[in-house]
Amino acid sequence: MTALVEARALTRRFDPRLTIGDRIAAAFGATVETRPVRAVSDVSFAIRKGETLGLVGESGCGKSTLGRMVAGILPPSGGAISVDGQPVMRGGHKTTTRIQTVFQDPFASLNPRRRIGATISEGPIAHGLVTRAAAPAFVADWLTRVGLDPAVATRFPHQFSGGQRQRVAIARALAMRPEILVCDEPVASLDVSIQAQILNLFLDLRAALGLTCLFISHDLSVVRHVSDRVAIMYLGRIVEIGAAARIYAAPRHPYTQALLDSVPKLRLDAASVEFRPIAGELPSPLSPPEGCAFHPRCPRASDLCRRERPVLTAQPDGTEVACHHA
Amino acid sequence: MSAPLLEVTDLRTHFLTRAGVAKAVDGVSFSLASGEILGLVGESGSGKSVTGFSLIGLVDPPGKIVGGSIRFAGRDLVGLPPEEMRALRGRRIAMVFQDPQATLNPVLTIGQQMALALQAHARVSDRAAAERAAAMLARVGIPEAATRLSNYPHEFSGGMRQRVAIAMALLNGPELIVADEPTTALDVSIQAQILAEMKALARESGTALIWISHDLATVSSLADRVLVMYAGRIVESGPVGEVLRAPRHPYTRGLLDSLPAMAEPGQRLRQIPGTAPSLLALSPGCPFAPRCPRADADCDAPPPRVEADGRLFLCHHPLEAAA
Numbered sequence: 001m002t003a004l005v006e007a008r009a010l011t012r013r014f015d016p017r018l019t020i021g022d023r024i025a026a027a028f029g030a031t032v033e034t035r036p037v038r039a040v041s042d043v044s045f046a047i048r049k050g051e052t053l054g055l056v057g058e059s060g061c062g063k064s065t066l067g068r069m070v071a072g073i074l075p076p077s078g079g080a081i082s083v084d085g086q087p088v089m090r091g092g093h094k095t096t097t098r099i100q101t102v103f104q105d106p107f108a109s110l111n112p113r114r115r116i117g118a119t120i121s122e123g124p125i126a127h128g129l130v131t132r133a134a135a136p137a138f139v140a141d142w143l144t145r146v147g148l149d150p151a152v153a154t155r156f157p158h159q160f161s162g163g164q165r166q167r168v169a170i171a172r173a174l175a176m177r178p179e180i181l182v183c184d185e186p187v188a189s190l191d192v193s194i195q196a197q198i199l200n201l202f203l204d205l206r207a208a209l210g211l212t213c214l215f216i217s218h219d220l221s222v223v224r225h226v227s228d229r230v231a232i233m234y235l236g237r238i239v240e241i242g243a244a245a246r247i248y249a250a251p252r253h254p255y256t257q258a259l260l261d262s263v264p265k266l267r268l269d270a271a272s273v274e275f276r277p278i279a280g281e282l283p284s285p286l287s288p289p290e291g292c293a294f295h296p297r298c299p300r301a302s303d304l305c306r307r308e309r310p311v312l313t314a315q316p317d318g319t320e321v322a323c324h325h326a
Numbered sequence: 001m002s003a004p005l006l007e008v009t010d011l012r013t014h015f016l017t018r019a020g021v022a023k024a025v026d027g028v029s030f031s032l033a034s035g036e037i038l039g040l041v042g043e044s045g046s047g048k049s050v051t052g053f054s055l056i057g058l059v060d061p062p063g064k065i066v067g068g069s070i071r072f073a074g075r076d077l078v079g080l081p082p083e084e085m086r087a088l089r090g091r092r093i094a095m096v097f098q099d100p101q102a103t104l105n106p107v108l109t110i111g112q113q114m115a116l117a118l119q120a121h122a123r124v125s126d127r128a129a130a131e132r133a134a135a136m137l138a139r140v141g142i143p144e145a146a147t148r149l150s151n152y153p154h155e156f157s158g159g160m161r162q163r164v165a166i167a168m169a170l171l172n173g174p175e176l177i178v179a180d181e182p183t184t185a186l187d188v189s190i191q192a193q194i195l196a197e198m199k200a201l202a203r204e205s206g207t208a209l210i211w212i213s214h215d216l217a218t219v220s221s222l223a224d225r226v227l228v229m230y231a232g233r234i235v236e237s238g239p240v241g242e243v244l245r246a247p248r249h250p251y252t253r254g255l256l257d258s259l260p261a262m263a264e265p266g267q268r269l270r271q272i273p274g275t276a277p278s279l280l281a282l283s284p285g286c287p288f289a290p291r292c293p294r295a296d297a298d299c300d301a302p303p304p305r306v307e308a309d310g311r312l313f314l315c316h317h318p319l320e321a322a323a
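These protein sequence lines map, in sequence, to chains A and W.
Residues 1 to 326 (the numbering used here) make up the first sequence, in order.
Residues 1 to 323 (the numbering used here) make up the second sequence, in order.
Isolated chain A (complex conformation) (with noise of 0.2 angstroms):
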């Protein structure tokens, strides 16, 4: 099995930015952060051709800076990823097309003040994939292909609803014919209904076109649909990985099991429900814990967890583990 997409040892740090008058503040004492941020420690993942793995974790736990890094948007502080083994990014730039990207926001993500048309052809314009001449029928090929009227390539990102827009970002990102997709919160922002019809979008391009995708998500539930493996994040590392209905069946990880517990689940029956929350909150990035980032939160935490973090180990089953107690 070959890997399309490697990452090595990402890493990626923020350094504070400190203003003049936070150094005079600093100066005169005043508490000023200067500690770095440390975003995504150490990650290493393969995604097979033609594979979706996803990407599950709460808030500030790293995935969409993990995303941007894969993307080629951001450059890692440390290590690297590459797509058949060609490095993605070289000297703090994207040297491939064939990674493209989608973002939870299309309204953010669009340019206002461009029409759709213009927006989907620039890129493929730009490195030679359609000639100007022919880029009225390229856009209206990719119209049709994401759901939408071709006539629609005339108007403004603020004349479609958050569904439509999702759409137009899904054929600018596929009209650069990349074998590889991000997707970061794809669904987030929209209702269920439009939810379950990008989804399904998202599905017949993806078998249409092959591709391999790393698809980022907090719901649980739209990942397990979408995913083949799955990597759960925590605290800026991975701590489990592996086959999608493996680990939604059986979560090793405390945190993987504590995750899948607090979902709400669609209750079909009368019988009242036990919420078994996790207990605490997610320590700040700045000053993690040390030894296991959870062992706080975890219920089975001991003397070695405090002390050691434990690596990703290979387990029987295949999935890997960040755990002493797994």
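No lab work stands behind these hints: they were computed from the structure.
Hints should not be assumed to be uniformly reliable.
Heads up, simulated SDA-like pairs for lysine to any residue below, C-alpha to C-alpha not over 25 angstroms straight-line [what the hints assert, rightly or not]:
#1 W:Lys64 / W:Gly141
#2 A:Lys265 / W:Glu204
#3 W:Lys199 / A:Asp261
#4 A:Lys265 / W:Ala322
#5 A:Lys265 / W:Leu256
#6 W:Lys64 / W:Ala281
#7 A:Lys265 / W:Met262
#8 A:Lys265 / W:Asp257
#9 A:Lys265 / W:Asp10
#10 A:Lys265 / W:Gly241
#11 A:Lys265 / W:Asp215
#12 A:Lys265 / W:Asp224
#13 A:Lys265 / W:Ala196
#14 A:Lys265 / W:Arg270
#15 W:Lys199 / A:Thr34
#16 A:Lys265 / W:Ala281
#17 A:Lys265 / W:Gly141
#18 A:Lys49 / W:Lys64
#19 A:Lys265 / W:Pro304
#20 W:Lys199 / A:Arg297
#21 W:Lys199 / A:Val263
#22 W:Lys199 / A:Leu266
#23 W:Lys64 / W:Ser31
#24 W:Lys199 / A:Glu281
#25 A:Lys265 / W:Asp99
#26 W:Lys199 / A:Pro277
#27 A:Lys265 / W:Lys64
#28 W:Lys199 / A:Asp219
#29 A:Lys265 / W:Glu197
#30 A:Lys94 / W:Lys199
#31 W:Lys199 / A:Ala279
Pair by pair, the computed Cβ-Cβ distance ranges are [as the list claims (entries may be wrong)]:
#32 W:Asp60 / A:Arg23: 43 to 49 angstroms
#33 W:Pro304 / A:Ala250: 47 to 53 angstroms
#34 W:Ala321 / A:His158: 41 to 47 angstroms
#35 W:Pro106 / A:Ser59: 16 to 22 angstroms
#36 W:Ala19 / A:Ala243: 34 to 40 angstroms
#37 A:Asp149 / W:Ala321: 38 to 44 angstroms
#38 W:Glu204 / A:Glu33: 24 to 30 angstroms
#39 W:Asp296 / A:Gln86: 53 to 59 angstroms
#40 W:Glu204 / A:Pro150: 58 to 64 angstroms
Backbone N, C-alpha and C define an ideal beta-carbon position, used for all residues, glycine too.
Dock chain W against chain A, hints included.
Chain W alone, transformed into the frame defined by chain A:
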């Protein structure tokens, strides 16, 4: 059976805009008993939030309650003078909003705000107010409540801030709490904590709760009864388990089928085609008809209101009842 705590009859809240009259809430009726949890479900623009705002008298122009009544503990809130409404709001009816950041005053400490909420409705000494505030914060699961009274809202995390907002809503022991998407902005682990606490609080104190949400799963695990809204109207209501197990209205069925949890992984979802209609140009017939797989010429006429065994639905061609 005693009279319900809240009885809403034919409520109509319209927005008089330059483009025309948007009928955000158009003929909504339901009732609620003490201690009952009612889930109000719908998609954007269905009128669920406007219904909530109408109940607490916070509909701003160009919105206006143009018809119907809201009887709360025997009194009609529609047309109540603003000062009487203000005396009720925060004391007997409280609201929790989606964004606690917008609810809390950023320049007052939590203790100051909670004292104000108490002192607005009764003569309470500062010291007694602080004690009651701390007790309420502890009850919603905020550790070291007494010392956190002197913190400002920005010193709390999102989940803790929503707990503070819930504690403020509970301060005066309201009989009814209207909660508008209170956990939508929160992570699942925090959401589960808050759901557990809300459910316990409603049970212990006998407070009635209206939980407004787009999330069927949350409502199914929290509410006793559910109202499904579409285009400003209730299309179906009843006990939550029964409605979700065997919906009679095609829209409720469509919503359930849209959930990835209801399908085999990787398979296409049974989506509802099209989008919700504009509230400015609603036909007199069934508003769901253009998207409905069961619609025919009958649906151009207003759908009949069918009510039996605590279930209600408005449909010409309802789905079969469960065997």
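> Lys265 of chain A and Gly141 of chain W: Cα distance at most 25 angstroms?
Replying inline: 23 angstroms, holds
>> So if I understand the rule, the pair passes when the alpha-carbon distance is 25 angstroms or less; does Lys199 of chain W with Asp219 of chain A pass?
In response: 23 angstroms, holds
> Straight-line Cα separation of Lys199 of chain W and Ala279 of chain A no greater than 25 angstroms?
Replying inline: 17 angstroms, holds
>> Please check whether Asp60 of chain W and Arg23 of chain A have a Cβ separation lying inside 43 to 49 angstroms.
In response: Between Asp60 of chain W and Arg23 of chain A, where Cβ atoms are some 45 angstroms apart, the hint holds.
>> Given the hint of 41 to 47 angstroms, is the C-beta distance from Ala321 of chain W to His158 of chain A inside that range or not?
In response: 45 angstroms, holds
>> Need the status of pair Lys49 of chain A, Lys64 of chain W: alpha-carbon distance at most 25 angstroms?
In response: 57 angstroms, violated
>> Can you tell me whether the CB distance of Ala19 of chain W to Ala243 of chain A sits inside 34 to 40 angstroms?
In response: 52 angstroms, violated
>> Between the alpha carbons of Lys265 of chain A and Leu256 of chain W, is the straight-line distance 25 angstroms or under?
In response: 12 angstroms, holds
> Using the C-beta atoms of Pro304 of chain W and Ala250 of chain A, is the stated range 47 to 53 angstroms upheld?
Replying inline: 49 angstroms, holds
>> Hinted pair, alpha-carbon criterion (25 angstroms max): Lys64 of chain W, Gly141 of chain W. Please report holds or violated.
In response: Since the Cα atoms of Lys64 of chain W and Gly141 of chain W sit roughly 38 angstroms apart, the hinted pair is violated (cutoff 25 angstroms).
> Under the criterion that the straight-line Cα-Cα distance not exceed 25 angstroms, is the pair Lys199 of chain W, Asp261 of chain A satisfied?
Replying inline: Roughly 17 angstroms separates the two Cα atoms, so the pair holds.
>> Run the distance test for Lys94 of chain A versus Lys199 of chain W: straight-line Cα separation, threshold 25 angstroms.
In response: Roughly 50 angstroms between the alpha carbons, so the hint for Lys94 of chain A and Lys199 of chain W is violated.
The earlier numbered hints that this structure contradicts are 1, 9, 15, 16, 18, 19, 27, 30, 36 and 38.
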